[in-house]
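Asker: If you read the sequences in order, they're chains A and B. All residue numbers for the first sequence refer to the numbering used here, where the first residue is 157 and numbers rise by one. All residue numbers for the second sequence refer to the numbering used here, where the first residue is -3 and numbers rise by one.
Simulated from the structure, these hints should not be mistaken for laboratory data.
The following label-pair restraints were derived from C-beta to C-beta distances:
(1) B:Gly63 - A:His433: 41 to 49 Å
(2) A:Val226 - B:Glu51: 39 to 47 Å
(3) B:Thr230 - A:Val226: 47 to 55 Å
(4) B:Pro362 - A:Ser501: 22 to 30 Å
(5) B:Arg254 - A:Glu328: 45 to 53 Å
(6) A:Glu343 - B:Glu51: 20 to 28 Å
(7) B:Gly232 - A:Glu456: 39 to 47 Å
(8) A:Ala186 - B:Pro362: 47 to 55 Å
(9) B:Ala352 - A:Arg264: 43 to 51 Å
(10) B:Pro194 - A:Glu343: 38 to 46 Å
(11) A:Arg244 - B:Glu67: 31 to 39 Å
(12) B:Asp284 - A:Ser501: 38 to 46 Å
(13) B:Thr230 - A:Thr383: 43 to 51 Å
(14) A:Gly337 - B:Glu161: 38 to 46 Å
Straight line, CA to CA, 27 Å or less: simulated DSS-like cross-link-like pairs of lysine-lysine:
(15) B:Lys27 - B:Lys165
(16) A:Lys189 - B:Lys191
(17) B:Lys75 - A:Lys189
Beta carbons: idealized from backbone N, C-alpha and C, even for Gly.
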Amino acid sequence: MPAAEDTQRGKLKVYLGYAAGVGKTFQMLADGKAAAQRGIDVVVAYFEPHTRPDTIAQIQGLNVLPHRKVVYRGRTFEEMDTDAVLRREPQIALLDELAHTNIPGSKRTKRWEDVQILLDARIEVWTTMNVQHIESLNDQIWQITGIQVRETVPDWVVRQAAEIVAVDVTPEALLNRLKRGAIYKPEMVQKALEGFFKGSNLGALRELTLRQAAHEVDLQQSAYDETRGFQVPRIAESRPGGEADNQPKERILIHITADPSTAMIIRRGRRVADYLHADCTALFVHRGAEMSQLPAKEREAVEKHLRFARGLQIETRIVGGSDVAKTVVEFARRHQVTQIFVAHSQTRLRERLRGRNFAENIVRLAQDLQVTVVADRSRRPGS
Amino acid sequence: MRASDLPKPSPERLLKQVQAEENKRWGARLKIFLGYAPGVGKSYRMLDEARRRRERGEDVVVGSVQGQQSEEVQALLRKLELIEPLQTPSGQAMDLDAMLRRAPQVCVVDPLAAQNPPGGRNPHRWQDVQELLRNGISVLTSVNLLHVEEYREKVQVITGKQTTETIPKSFLLAADDIVIVDVPPDLCLWRLGEKLTPTGISNSQERQLSELRELALLLTAEVVDAQLESYVHTHGIEPVFGTHERFLVCVTPGCNARAMIESGMRNKERFQGELYVVYMRRPDVTDDENAAMESYLESAREAGATTEVLESDGPIEAITEFAREKRITQIFVGHGSDENWRDRLFGDPVLRLIRATEGIDVRVFPG
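If we strip away everything but chain A, and leave its shape as in the complex, we get (with noise of 0.2 Å):
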């Protein structure tokens, strides 16, 4: 993103944490506070209206403005006024979960929609959002808790933050809170004991708190680096022979189909996409001569895969060709590929008579190329 651009933007703000009650809202209001306090105008977009005692006597003393009441299947629901919080242009607003999604009939889906409206206005916006929305953590969040979550951010949009702050508390304070009823209303305790908060899931994804936020931190350090026109030496102490940032810049090539496994090495490409710095495209290839000759469910999930790279900031290619591992091998071979992202679809039987399945194939053929052969996550390894 140019940096003219940057500066005319709003800058975005974002309270990480690893699960419901580790006290974002919480830092964020006693954040907005203390910027008050020093004549900055700040005001509350939106808060959740079930937010905790304690959270609500943070909010004592800001501005907050009314909410969207919106009357959806008989039931009343609120949301971020946006138009509202536009027509007041306060220099900071602060709203609450990020992931959350609009109830239907909203101007737009996703909160973090509405966000990028305020941003555009050169608001300021502070929010909060739990690791486990983070869009390309997905299938990991799934393969460590057993959970899938709906509710994703695109990484890009993260990433846009300026600053990331990590709300950190030990899991045991967490459950203590818990079940204390600090967090949810008594009956939902219980179903949370058995979802996120069980065993060692909290653990696992304060983990992942710590390491998003840290991975967030060397950006901003990057992004810094970049504007000043200078290389900092970096902090990781393995670096063989100085080499390593002199290699040609990988380019990883995602294959797409209309298998669902498909969304699941999207995410992935683009993770490590993004850590090695590469550039990530996606492509399609059809046996036909045309795309539209598809049958409809079929050419249905591949556009529905082809947007969701798109979203996720991925180019995509749509190619013809009657064979189609030799087709992706090519392309990849014509557009300096380093990497190729296939997903590794259980062997059916048919295909293991045959001899092969798919990603085999492409191993087979790309013998001069890397292949990365991405796991199926909601299994666990050796299980």
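We have chain A already, so just place chain B on it with the hints.
Answerer: Frame of chain A, contents of chain B only:
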């Protein structure tokens, strides 16, 4: 697989186990508040927890306090019981005898890294803390990254700040609880009296602090990971995969080991992950090939990788077993030029490995 390849507890875990067993008799817990620099608010967070615990009925006493205190910290201290530290000509020390006589449930020790004046019972304050724990008193304490021995030099390179008072990292790894007090550098500087700057990194001082912050976050993640591992061990549950990228590079003389190991190192650095390099040695290896592989392993170790030589008749099983045990998330393998009778009989080992690993990515490199 050889007996030596079986899981062996790390020194940290042994230390933790011993400490945990010692303390468990008394139920004493050590909780550490870690910050990356002065001004992040460690003391405040810790004393606020002490206050809340006291209000909930725990017997909490403060044993030592920082020299400089903000108004907020002073306000918290007024709500807490304090055992006056000993004043000596060469400095302050916690009154350990008085604290042991008072025997509260919880003692606040701020900060952890301090030298005791000569003539006292223990040269270092962390030894006082151990004594409290041994006597069944839980401890809340704070430490700054600069004072963790393994980070002292790095912090010094980044900030020029020096210290002679450090605690070993193993002390953090052995703690029952660790909490990072994370705050953006601009707020940290503001609390120390600097002018407030816009959100994000705005100047070179904030840039420096940001680097310390990254180190502190990763250190905390490491401690949390160690705790997770011991939780898994004590509860006998399935290992937790995927919290942290762990790369396993499998090399043989026939594959492009150099490129694979270099890529492994780059990935380790970018993901702040862990790197294992395993050399799959076959019985028919020549001395030259063996020497070449050993030199690759040597360079990998220098770059912080853990290396291992696996001699096995069933390489696929050996790799998957190793990967599972080390909670590997990505395996790097190469197309080999050293196909032997076994491969011709059972098929390409790369393809067999892909089929055998579940839940782990396999990245195949050109030969």
